[in-house]
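Sequence lines, in order, name chains L and A. Each residue of the first sequence is one higher than the one before, counting from 1 in this note's numbering. Each residue of the second sequence is one higher than the one before, counting from 290 in this note's numbering.
Derived by calculation from the structure, the hints in this document are not laboratory data. Some hints could be false.
[What the hints assert, rightly or not] Label pairs and their calculated CB-CB ranges:
1) L:PHE269 / A:GLY414: 33 to 43 Å
2) L:GLY234 / A:VAL520: 11 to 21 Å
3) L:LEU2 / A:ALA393: 56 to 66 Å
4) A:ILE469 / L:TYR127: 17 to 27 Å
5) A:LEU299 / L:LEU54: 35 to 45 Å
6) L:SER16 / A:ARG498: 54 to 64 Å
7) A:PRO444 / L:GLY234: 31 to 41 Å
8) A:LEU297 / L:VAL142: 44 to 54 Å
9) L:LEU137 / A:THR303: 17 to 27 Å
10) L:LEU54 / A:ARG498: 14 to 24 Å
11) L:ASP57 / A:LYS330: 24 to 34 Å
12) L:GLU147 / A:ILE469: 49 to 59 Å
13) L:PHE139 / A:LEU331: 23 to 33 Å
14) L:ASN31 / A:THR303: 51 to 61 Å
[Stated by the list, open to error] Which bits of chain A does chain L cover? Going by a derived footprint, with three or more residues having C-beta under 8 Å, they are:
15) 403–417
16) 427–434
17) 466–473
This structure is a prediction, so every number in the text was calculated from the model and none was measured. Built from N, CA and C at the ideal position, the CB exists for glycine as well.
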Amino acid sequence: MLRRLTPYLFALPLLSFIAVFTYIPILQSLNLSFREWDFLSPTKPFVGLDNYRLLLDSREFWNALTVTSIFAVISVPLRLLLALFIASRLLRETLVSRLMRGALFLPSVTSTVAIAVVFSWVFSTDYGMMNALLTGLGFSKVAWLQEPQLALGVLIFVNTWKQLGYDIIIYIAGLQAIPGELYDAAAVDGGKRGHVFRRVTVPLVMPTTYFLLMISVIEAFQVFTIVDVMTGGGPAGATDMLVNMLYRVGFTLFDIGLGSALAVLLFIFLIALAIFKARVLGRKVHYEA
Amino acid sequence: MKPENPLLALLALTAGVLFLSPVLYSIWMSFQTADAYYTGKLDFTLSNYEMAIGQYNFARYLLNSVIVSGLVTIVGLAVATMAAFAFARYRFPGGNLMFGAVVATLMIPSHITLIPNYLTLANAGLLDTYAGLILPAISNGFAAFFLRQYIRGIPRALDEAAYMDGATPLQVLWRVIVPIAKPAILSMGLYIFITEWNNYIWPLVAVGREDLYTLQIGLARLYRIDPGEGVINWPLVMAASTITILPVLLGFIFVERHLVRGIMMGAVK
Numbered sequence: 001m002l003r004r005l006t007p008y009l010f011a012l013p014l015l016s017f018i019a020v021f022t023y024i025p026i027l028q029s030l031n032l033s034f035r036e037w038d039f040l041s042p043t044k045p046f047v048g049l050d051n052y053r054l055l056l057d058s059r060e061f062w063n064a065l066t067v068t069s070i071f072a073v074i075s076v077p078l079r080l081l082l083a084l085f086i087a088s089r090l091l092r093e094t095l096v097s098r099l100m101r102g103a104l105f106l107p108s109v110t111s112t113v114a115i116a117v118v119f120s121w122v123f124s125t126d127y128g129m130m131n132a133l134l135t136g137l138g139f140s141k142v143a144w145l146q147e148p149q150l151a152l153g154v155l156i157f158v159n160t161w162k163q164l165g166y167d168i169i170i171y172i173a174g175l176q177a178i179p180g181e182l183y184d185a186a187a188v189d190g191g192k193r194g195h196v197f198r199r200v201t202v203p204l205v206m207p208t209t210y211f212l213l214m215i216s217v218i219e220a221f222q223v224f225t226i227v228d229v230m231t232g233g234g235p236a237g238a239t240d241m242l243v244n245m246l247y248r249v250g251f252t253l254f255d256i257g258l259g260s261a262l263a264v265l266l267f268i269f270l271i272a273l274a275i276f277k278a279r280v281l282g283r284k285v286h287y288e289a
Numbered sequence: 290m291k292p293e294n295p296l297l298a299l300l301a302l303t304a305g306v307l308f309l310s311p312v313l314y315s316i317w318m319s320f321q322t323a324d325a326y327y328t329g330k331l332d333f334t335l336s337n338y339e340m341a342i343g344q345y346n347f348a349r350y351l352l353n354s355v356i357v358s359g360l361v362t363i364v365g366l367a368v369a370t371m372a373a374f375a376f377a378r379y380r381f382p383g384g385n386l387m388f389g390a391v392v393a394t395l396m397i398p399s400h401i402t403l404i405p406n407y408l409t410l411a412n413a414g415l416l417d418t419y420a421g422l423i424l425p426a427i428s429n430g431f432a433a434f435f436l437r438q439y440i441r442g443i444p445r446a447l448d449e450a451a452y453m454d455g456a457t458p459l460q461v462l463w464r465v466i467v468p469i470a471k472p473a474i475l476s477m478g479l480y481i482f483i484t485e486w487n488n489y490i491w492p493l494v495a496v497g498r499e500d501l502y503t504l505q506i507g508l509a510r511l512y513r514i515d516p517g518e519g520v521i522n523w524p525l526v527m528a529a530s531t532i533t534i535l536p537v538l539l540g541f542i543f544v545e546r547h548l549v550r551g552i553m554m555g556a557v558k
């Protein structure tokens with residue numbers, strides 16, 4: 001009897017944690033999204049789809065969705081292009097290339113809050129590094145974090161700076177998996193460097209690109225920390241992302257119903273992306289014969 | 290390793306330093322007095338660190354971060370390794386379904402659980418406690434998945450030899466599997482520790498009491514709320530930021546290769 005129970009006993013702790021803190025909460029969110037509740041009142045009346053209707057009618061939601069989409073659409077391709085370019089230059093196992101990989105990778109394991117604080121200084125109007133550089137070159141100061149479009153641009157820059165090293169490491173793994181003979185064959189055929197890169201490297205590294213594309217899109221739609229610390233969603237909502245709105249609605253306004261509805265919508269969207277990722281990766285990943 | 294072209298090496302080194310210059314400069318700035326910084330002079334001091342640790346309680350935040358990240362790592366690894374062992378070594382009714390449920394958590398965006406987990410911990414009276422910070426972070430589907438793959442690569446003959454000698458499953462796990470899987474377990478431990486160390490949104494939600502702040506919360510508060518008279522004391526903020534970064538930075542220098550290998554392995558899943 002005990003023998004048959006053994007695997008269950010081993011798996012039980014993990015499964016209980018997952019049940020209590022992941023799966024049951026999803027159902028709870030769904031349930032709460034159909035109710036009106038401010039966290040304090042004793043009743044949670046059922047209001048049907050009211051929260052969803054409220055959300056879809058609010059300018060705040062469409063603004064956050066737009067801003068987050070712009071953030072994703074610009075930062076994801078930027079990251080991947082830069083990462084592929086740099087990775088293809090850091091393939092050799094030399095001391096310099098190892099040091100460079102280390103330097104580039106460091107930000108991705110560093111505290112996001114600390115990075116956000118440091119770059120708040122870099123882009124601060126009066127004492128920042130950027131404006132010191134600009135005034136040194138004879139230009140006037142720029143209010144980086146106070147101008148709506150510039151502020152979003154700064155966030156994209158900081159996010160790219162932080163995540164680039166991770167993408168590079170993954171690309172290096174992907175590039176190293178490409179058999180050397182293919183390059184030899186291309187060289188024999190007299191392929192020029194740029195040509196080989198486009199015709200051999202890019203198509204063969206496609207599975208890695210798909211992998212990075214999907215995880216970075218999912219990540220981009222969940223960005224929170226750098227925004228919360230650097231701009232708080234401002235100026236005037238210009239950098240207000242979906243998760244920042246979720247945090248505000250749920251934990252500052254304590255509108256649990258509306259916050260849950262927003263969480264459910266975000267969840268459905270990201271799960272759809274993840275399933276799409278699994279499908280696409282499942283099909284495109286097998287290029288080796 | 291091949292010898293380098295010195296010019297190329299110098300160029301690369303410059304690029305690397307330039308890339309990291311904001312962080313490097315912030316560390317440098319943390320050793321300057323505020324007066325010297327704002328007037329452009331040089332005046333080396335440790336007073337920012339004294340202030341961050343004394344007046345602003347960063348020693349406490351550091352301790353909190355070590356306790357929370359340390360416990361999440363140890364308990365998380367134990368729980369993940371046991372489950373990985375079950376999924377790698379046993380075929381049992383419901384096993385595939387359970388493993389599927391574990392792997393599916395990799396796709397679930399964590400923000401859907403934010404409000405319900407807050408409510409769960411509020412009901413259990415665990416907000417503003419270490420337990421409230423730690424419990425929701427214990428389950429790590431990625432670590433369980435990764436370790437299961439690794440354990441499957443260990444020859445079963447080793448388990449069987451131990452069973453012949455009368456070992457129990459727990460002994461087999463502890464004496465046979467864990468020693469062999471040590472590199473993978475260490476990689477996952479690093480990954481869990483760093484992720485938890487840098488966690489921001491959950492402590493932000495789960496903790497209101499100042500003496501339970503982790504470094505991330507303490508730093509964000511210091512930067513956003515402290516200014517008072519409107520001028521941010523940047524050297525002080527950078528001292529706090531350096532305290533927040535340093536443990537991972539030092540660890541990184543020692544274990545970089547380990548960590549990078551772990552992440553690469555994870556990507557080829």
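Legend entry - Hints not upheld, ascending by number: When the structure is compared with the hints, numbers 3, 4, 5, 6, 7, 8, 10, 11 and 17 turn out to be violated.
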